[in-house]
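Protein chains in written order, with the working numbering: chain L, 1 to 586; chain W, 1 to 586.
The set of hints was computed from the structure by calculation and includes no laboratory data. Hints are supplied without guarantee of correctness; some may be wrong.
A pair counts as met if it fits within one copy or between any two copies, since identical chains are not told apart.
To be verified - In the DMTMM-like style, the derived pairs of lysine to aspartate or glutamate whose C-alpha atoms are separated by at most 20 Å in a straight line are:
#1 Lys-477 to Asp-578
#2 Lys-443 to Asp-375
#3 Lys-449 to Glu-407
#4 Lys-197 to Asp-252
Predicted, not measured: the structure shown is a model, and the values here were computed from it.
Protein chains: 2
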Amino acid sequence: MKKYPRRSTKFISMRNLKFLIYEVFDVLALTKHDYYAQHNRKMFNMVLDAAMKLSAKLLYPVFEEMDRNPPEFIAGEVKVHPSVRELMKQYGEGGWIASTFPEAFDGEQLPLLVANCCNMMFSAANYSGSAYPGLTAGAARLITNFGNPELIDTYVANMLSGQWQGTMALTEPQAGSSLSDITTTAEPSGEGYYNIKGQKIFISAGDHDGVDNVIHLMLAKIPGGPPGVKGISLFVVPKYRFEGQGTPVFNDIVVSQIYHKMGYRGCPITELAMFQMMNEERVGVGLSAASIASAAYYAALAYAQERPQGRPILSKDPLSQQVAIVEHADVKRMLLFQRSVVEGSFSLLLQCSRYEDMLKLTKGEERETIELLLDLLTPVAKTYSSEMGILSTSQSIQCFGGYGYCEDFPVEQHFRDMRIHPIHEGTTGIQGMDLLGRKVIMKDGKALKLFGQTVRAAISAAREHEALKPYAALLDKSLKSLESITLHLVGVAAEKGTAVFLADATLYLELFSYLAIGWQWLLQAISVQKAMQSRLSKSESNFYQGKWFTFRYFFEYELPKAEGVIQRLKSEDALTVDMDPDFFND
Amino acid sequence: MKKYPRRSTKFISMRNLKFLIYEVFDVLALTKHDYYAQHNRKMFNMVLDAAMKLSAKLLYPVFEEMDRNPPEFIAGEVKVHPSVRELMKQYGEGGWIASTFPEAFDGEQLPLLVANCCNMMFSAANYSGSAYPGLTAGAARLITNFGNPELIDTYVANMLSGQWQGTMALTEPQAGSSLSDITTTAEPSGEGYYNIKGQKIFISAGDHDGVDNVIHLMLAKIPGGPPGVKGISLFVVPKYRFEGQGTPVFNDIVVSQIYHKMGYRGCPITELAMFQMMNEERVGVGLSAASIASAAYYAALAYAQERPQGRPILSKDPLSQQVAIVEHADVKRMLLFQRSVVEGSFSLLLQCSRYEDMLKLTKGEERETIELLLDLLTPVAKTYSSEMGILSTSQSIQCFGGYGYCEDFPVEQHFRDMRIHPIHEGTTGIQGMDLLGRKVIMKDGKALKLFGQTVRAAISAAREHEALKPYAALLDKSLKSLESITLHLVGVAAEKGTAVFLADATLYLELFSYLAIGWQWLLQAISVQKAMQSRLSKSESNFYQGKWFTFRYFFEYELPKAEGVIQRLKSEDALTVDMDPDFFND
């Protein structure tokens, strides 16, 4: 039997990323502003190429090895794969951890639009590996944004250089989704620092031997403060603190266990015996999920293009040659599904990144508009990418048949690595409540109104192209449904109370996702239509035709799923509120 | 922190199984026929209790251990967990492998309706463990149904006693879904046996040290036969054959590798260097999938009932006590989803089992009706249970939050064990083609007509109950949609050809599933309405109320999903047929 390569060489499409940043989101427009003026297309391309090289040479080769040799907890110490130290060193020295930081911190002021394309490559190549520098960048950004100069001086440089790991220490055994219930306390010592006591669980990269120090950004309550979330403060808690002339002193942070996980095995999740991030981290989770789905998709595609099985449906001759399975309509459907998830998610995530970049350039009402849109879209980008990522990697397995279930190919690991994403940084249920219970109704529904205007602008632009008119009409209809469902639910809130209003918040989020992703596909289709007006090389033509079919796939197969959700959201039967939990017993 | 039990004591609901066989499917009606006359309610209950005891004492305790210590391939031999030998012994001695066999083989002539309830318990307790006796029973049945007396004498007794393992050796490297392409040859030796040569892959329990012999039922082609599937015959190929006075002789079956799998790790899948089962095996896969989903559901339920997190949505006091998460509407929704999948699948699977039992009792037109319905429903029962099983176990993980992703609780294993089911015994794509391309159109659509009559009979019966009328109307509407979509597709076949007709066969199967499961839920709801007319104890009332809410859940949240599928199936855009596979390249 023909041996298939265990790994495809491709895990993400550079062509697609360039399409998104240059053709859909016009990253060069950002460089007209002072803050990004040092960059240009040539430099962006160099950065993207360097990121691809790093992904291919450093991360991708140890993808499986890090899974098969997960972190070990030996005598109180967490030992990780030896490649982690090398990786943190190269990320630090290459300026990758600092890339989006201001020049004041020796950063590159790289737009997130570009930096997140790099992060997509890193995560697609090896999600666990990419988590170490990613978490460090996130923690360092919290210190530079909110810390005083002393904290910045003490910690940031060594984090951005990859010598020290950063973490977020938020969850406690009794307080996961319910953050207000944390009990970790911070007692002022009277000497300029706090004594912190409590237990934190589920801390990614919470301790390991690939760095010289670990800096926890930790949530705790100062005694005497108000109850609930208002009494929570954020502390910088290093594994080693520095006394006098900089002598490192062990700071009494004891790792009590590491978790044995289904996937994401290349990175330790620890329990610490002794926080929640913002939009950027939630977008980051969505980004990781979509990137994993990308890698699984390209693995499935490579296999489908090589694996002969079956014949064209009209061929009756059992002795004729078998065709590659990519020829079968049902396999194309499965591949188009995956591609629609991957490229739809990437598009929405980069839309959020672009908004994030623009926050640096705008003020007043313009800035408020962007902030509101970003707030509204963040739970959507996080959840669509994570939840659909499970289905997408599952279809990647399905393309392989029985081989997909075996460790011979990487897709079973992608499926395992994926499953954490609808859980961490706020579960899907929490995202739904955040969207419907907070984002949609805040400021009298202003964010939703702005979103409607933004989508309608895309619909108008699409109507300039004859081929897009029917799709523009479909999206317009969905948008109206979303708006009328929202009004209906606000009525329910007034009439039947908050519990009934929020009971199906998760479904509302699902409905919102179809619309948001449909909007992104319409934006992409406008760029495709423009590009197809020129004469194209064979490979460029294949790319745009592929985009065009994937766009049609989304509108034909995915957007109609909104119908079922709409039907449910209109219903009067509040059965999940009414049902007595005892009815689960028998 | 409170320590939660790692395993719930419950993995399946005996109350639900009894509800299904006594109240919905009236198993006692079968005992009025001679073939089943030896049985009665008391005996069925004893069998069910014994099966539950065996599941709880023998299978459930080693569920995780068999996963963490998967089979090893050492010096050409497959070593399995030591409990496998004990398990095969107890299943053999207890008469479990032979339970449904005729008395002529020392079987119990147990109705499949009851036997499959036992199999559900076994699979829910430990899917890998249950596979060994299950595969043996399936292989032995093929020999008793199709083998000559010599084959029966030589093999069956030792298989039913659990001393010998049975397998199905079907797939080859170049022939998975495309069975006609097998190349294993069977040359007549001229001495009453065949010399078989070829390579078989993906053989569950294909070899192991928990038994004394392994009997493969193997597909091969006799040279000179017709090409394609018509030239394939089924052979009995033992690991050890018997010569002269019964001396065992090694039969040259070499195991070349075992597969390292994501789940289903307690059972070896081997490659043999040197076949497809029928309805029963496909129903068996669905049964295993739904049983795994059952175990994961009860694990999630137990956790949700104990785990405090958050407060009622109207409680503003952060100092008030947290409630168990089962109180939250969104968690109830997730649990109801799982329960609707588990109990909907079980119901359809037992419907198939009842039809199977009735085949033994009927002839002529009545028998043909049952055969057609069984043929039609088999791909549906297999696929709904397997595909929804992935989503159901995924929601079980979600109920646990971060803990669900860790090996501390069993649900991550259920999620991994589940993923094989949409692949083996015919992938979902193959089931879709089987349903639309064969079952629906055979005999001028007779099976579909009979199905329509059967569902309409349930709808009429439901209309006798005031509370069921709106649901009966919904199902009636869905049935009409299914019928009109089918007609539409038959028109497409005539106009645009088979390739376009079958392009969305998988979606047609999905649509059919919503309807078939809706039918089963309506049947259950009729029994619930009848039962609720009596005075009930608290626990009985809880059971029926739980059923009633799960039924409503299905009609409110799941059945509407048919809308999106219908919308797509009506579309004219045959994009998955039209798309050039080169468009996947860029």
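Here's how the hints hold up against the structure:
For the homomeric pair Lys-477 and Asp-578, neither the shortest alpha-carbon distance inside one copy (32 Å) nor that between copies (27 Å) is at most 20 Å. In this homomeric assembly, Lys-443 and Asp-375 come within 20 Å of each other (Cα to Cα) only inside a single copy, at 12 Å, whereas the closest approach across copies is 58 Å. Taking the shortest alpha-carbon separations for Lys-449 and Glu-407, neither the intra-copy value of 48 Å nor the inter-copy value of 45 Å comes in at or below 20 Å. Taking the closest pair of Cα atoms, Lys-197 and Asp-252 come within 20 Å of each other only inside a single copy of the chain (10 Å); across copies the shortest separation is 66 Å, beyond that limit.
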